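Listed here are the chains, written in short residue letters.
Number of protein chains: 2
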Amino acid sequence: MQENQTKNNRAIGIFDSGFGGLTVMSAISKLLPKENLIYFGDSAHVPYGSKSKKVVTEFSTDISKFLVKKNVKMIVIACNTASAYSLKTLKKVIKVPIIGVIEAGSVVALQNTKNKKVGVIGTEGTVKSNAYAKEIKKHNKKINCFSKACPLFVPLVEEGWNSGKITEDIISVYLKELVDKKIDTIILGCTHYPLLKDTIKKVIGKNINIIDSATAVATAVKNLLEKNNLLKEKGKGRYEFYVSDDPEKFKKLGSKFFNNKINKVTKVEL
Amino acid sequence: MQENQTKNNRAIGIFDSGFGGLTVMSAISKLLPKENLIYFGDSAHVPYGSKSKKVVTEFSTDISKFLVKKNVKMIVIACNTASAYSLKTLKKVIKVPIIGVIEAGSVVALQNTKNKKVGVIGTEGTVKSNAYAKEIKKHNKKINCFSKACPLFVPLVEEGWNSGKITEDIISVYLKELVDKKIDTIILGCTHYPLLKDTIKKVIGKNINIIDSATAVATAVKNLLEKNNLLKEKGKGRYEFYVSDDPEKFKKLGSKFFNNKINKVTKVEL
Chain A
0 MQENQTKNNR
10 AIGIFDSGFG
20 GLTVMSAISK
30 LLPKENLIYF
40 GDSAHVPYGS
50 KSKKVVTEFS
60 TDISKFLVKK
70 NVKMIVIACN
80 TASAYSLKTL
90 KKVIKVPIIG
100 VIEAGSVVAL
110 QNTKNKKVGV
120 IGTEGTVKSN
130 AYAKEIKKHN
140 KKINCFSKAC
150 PLFVPLVEEG
160 WNSGKITEDI
170 ISVYLKELVD
180 KKIDTIILGC
190 THYPLLKDTI
200 KKVIGKNINI
210 IDSATAVATA
220 VKNLLEKNNL
230 LKEKGKGRYE
240 FYVSDDPEKF
250 KKLGSKFFNN
260 KINKVTKVEL
Chain B
0 MQENQTKNNR
10 AIGIFDSGFG
20 GLTVMSAISK
30 LLPKENLIYF
40 GDSAHVPYGS
50 KSKKVVTEFS
60 TDISKFLVKK
70 NVKMIVIACN
80 TASAYSLKTL
90 KKVIKVPIIG
100 VIEAGSVVAL
110 QNTKNKKVGV
120 IGTEGTVKSN
130 AYAKEIKKHN
140 KKINCFSKAC
150 PLFVPLVEEG
160 WNSGKITEDI
170 ISVYLKELVD
180 KKIDTIILGC
190 THYPLLKDTI
200 KKVIGKNINI
210 IDSATAVATA
220 VKNLLEKNNL
230 LKEKGKGRYE
240 FYVSDDPEKF
250 KKLGSKFFNN
260 KINKVTKVEL
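In order, the protein sequences belong to chains A and B.
Using numbering that gives the first Met the number 0, read the first sequence as starting at 0 and increasing by one per residue.
Using numbering that gives the first Met the number 0, read the second sequence as starting at 0 and increasing by one per residue.
The shape of chain A in the complex, shown without the other chains (with noise of 0.2 Å):
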């Protein structure tokens, strides 16, 4: 018992390639507060949504690795270009559980439509890679998956543009043809969206449901843990946060995307 709580008081390893996977450790931290966590961001390499899947895979093993010495009990891919690109090779490579944004989202929608018309946002690696409507027709192949990549997203949530006249136009603009498809479910495929999440309802109207993969992968995590006995039982979470730039720019910005305030980020090299 005693060495059970010691094997499942080991954190559990969060990455991304920047800020936005700090909304799923929001959600994560909020559904599991007893859960030691550790956040990587990939602040030198970041963003990943246009870069190919070669490079993402290679930075994402690194910081997998990485993220093993420090002794950690699984791993979530909290980046939906690494998760669509590189789940497959790390799941070889690693040797602790890991999962990624698009196996939780995915099942979320499949709940939640109703008339078979499925919205993706994402990057354009995401988008490219087409690892939604993949994981969406392996459990249900009569579901129609309309796909959209949205490039300016990412920077618009990064430049604190979260709402507003301008970003109401660009969300208009994306999302045009998936509302002409006439979906009624439209998952959120990138970390940074749940920041435009009310923008995006005042646009697309409230028949739309929106699904963000931060929620999704959380409730995830919690039943992973729960079927491998890992669940740690005891005292308050941890946070430990390490980045490969700037951990000032992080510490300060982090806070958008992160319910708690951000104490110490340690810079490391892989």
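Certain hints may be false.
Straight-line C-alpha distance at most 16 Å; calculated EDC-like pairs for lysine to aspartate or glutamate [what the hints assert, rightly or not]:
id, chain 1, residue 1, chain 2, residue 2
1, B, K251, A, E123
2, B, K263, B, E225
3, B, K33, B, E225
4, B, K266, A, E57
5, B, K115, B, D179
6, A, K53, B, E158
7, B, K52, A, D244
8, A, K147, B, E225
9, B, K90, B, E57
10, B, K164, A, E167
11, A, K52, B, D245
12, A, K52, B, E239
13, A, K201, A, E225
14, B, K53, A, E167
15, B, K53, A, E57
16, A, K201, A, D168
17, B, K127, A, E123
18, B, K201, B, D168
19, B, K248, A, E123
With the C-beta cut set under 7 Å, the calculated list includes, among others, these residues of chain A facing chain B [to be verified]:
id, residue
20, V54
21, D168
22, K255
By construction, these hints were calculated from the structure, which means they are not laboratory data.
Here the structure is a predicted model, which is why all the values come from computation and not from measurement.
Ideal Cβ positions, reconstructed from N, Cα and C, are used throughout, including at glycine.
Let chain A serve as the given structure and place chain B on it in line with the hints.
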């Protein structure tokens, strides 16, 4: 003489974090069509604009060493962020003449302003470095410089949204405070921005001089080569392209920025 021409036939090395520097390469190829040019686009690390001085200088040093191995006769830093952060360090480490876009753009702005109020727009890194203002003040302490980071301009250009209502609105938000300061000259302190030049002119009016640092740096390259007796005198220039990520994407999108077709792009690991 023969020996001199062999020496002078060596290429000019040009580098940037991605595609933007191709606007500089375009300007150089127009002004100096006989010169051989080697371009390096650091697409695995793009963008530099939001990254730290330390990490940008590391990237720039690795690239410059690669270009020196390619036997270039001089290096042009075709990226404002890298020029602002790394030129000093590179001048110490690299043995061939090296120039950045900032000095060149500053000189032309000085020649153009009448009311001594100059605006500078660029990435977060370029603006934070205050490099244009420092350079301009070196020549004339009486000039007032007003700068503004415009982080959405690069993604707008990369999305191909060079004109239209949304782009005009974004330009208007960013440039309002500079226009209010009654600047008569504005430096486009980012190599992506020349593609927005017409729309910027439409928004801020014809009375403000727009200084495109790509054209300015081409003139500076010509002057430097003439001064050092390094001009190539015969034949048409040949162009080589290297990148640190997907060469196919570079080939396809690079043509937006470069006035010639890009035939062959080679991926290298530094």
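Hint check:
Using a Cα cut-off of 16 Å, the hinted pair K251 (chain B) and E123 (chain A) holds, with the two alpha carbons roughly 15 Å apart. Distance restraint check for K263 (chain B) and E225 (chain B): the Cα-Cα separation of roughly 30 Å exceeds the 16 Å cut-off, and the hinted pair is therefore not satisfied. Among the hinted pairs, K33 (chain B) with E225 (chain B) is consistent with the structure: their alpha-carbon atoms are about 13 Å apart, no more than 16 Å. Restraint check for K266 (chain B) and E57 (chain A): satisfied, since their Cα atoms lie roughly 15 Å apart, inside the 16 Å limit.
Taking the CA atoms of K115 (chain B) and D179 (chain B), the gap is about 15 Å. The hint holds against a cut of 16 Å. A distance of roughly 23 Å separates the Cα atoms of K53 (chain A) and E158 (chain B); the hinted pair therefore is violated under the 16 Å criterion. Restraint check: the Cα-Cα separation between K52 (chain B) and D244 (chain A) comes to about 10 Å, which is no more than 16 Å; the hinted pair holds. A C-alpha spacing of about 51 Å is found between K147 (chain A) and E225 (chain B), which places the hinted pair above 16 Å, so the restraint is violated.
Distance hint between K90 (chain B) and E57 (chain B) is fulfilled; the C-alpha atoms sit about 14 Å from each other, no more than 16 Å. Between K164 (chain B) and E167 (chain A) the CA atoms are separated by roughly 13 Å; this keeps the pair inside 16 Å, and the hint holds. Restraint check for K52 (chain A) and D245 (chain B): the C-alpha separation of about 9 Å stays at or below 16 Å, so the hint holds. Proposed proximity of K52 (chain A) and E239 (chain B) is contradicted: the alpha carbons are some 24 Å apart, above 16 Å.
Between K201 (chain A) and E225 (chain A) the CA atoms are separated by roughly 37 Å; this puts the pair beyond 16 Å, and the hint is violated. Distance check on the hinted pair: K53 (chain B) and E167 (chain A) sit about 37 Å apart at the alpha-carbon level, beyond 16 Å; violated. Between the alpha carbons of K53 (chain B) and E57 (chain A) the distance comes to roughly 22 Å, so the proposed pair goes past 16 Å and is violated. Between K201 (chain A) and D168 (chain A) the CA atoms are separated by roughly 11 Å; this keeps the pair inside 16 Å, and the hint holds.
Between K127 (chain B) and E123 (chain A), the direct Cα distance comes to roughly 29 Å. Violation of the 16 Å bound is thereby established for this hinted pair. Under the criterion of a C-alpha separation no larger than 16 Å, the hint pairing K201 (chain B) with D168 (chain B) is consistent with the structure, at around 11 Å. Under the criterion of a C-alpha separation no larger than 16 Å, the hint pairing K248 (chain B) with E123 (chain A) is consistent with the structure, at around 12 Å. With a least beta-carbon distance of about 5 Å to chain B, the hint placing V54 (chain A) at the interface is held under the 7 Å criterion.
At about 5 Å, the closest approach between the beta carbon of D168 (chain A) and any beta carbon in chain B falls short of 7 Å, and the interface hint on this residue holds. With its C-beta approaching chain B no nearer than about 14 Å, K255 (chain A) sits outside the 7 Å limit, and its interface hint is violated.
Checked against the numbered hints above, the structure violates hints 2, 6, 8, 12, 13, 14, 15, 17, 22; every other hint is satisfied.
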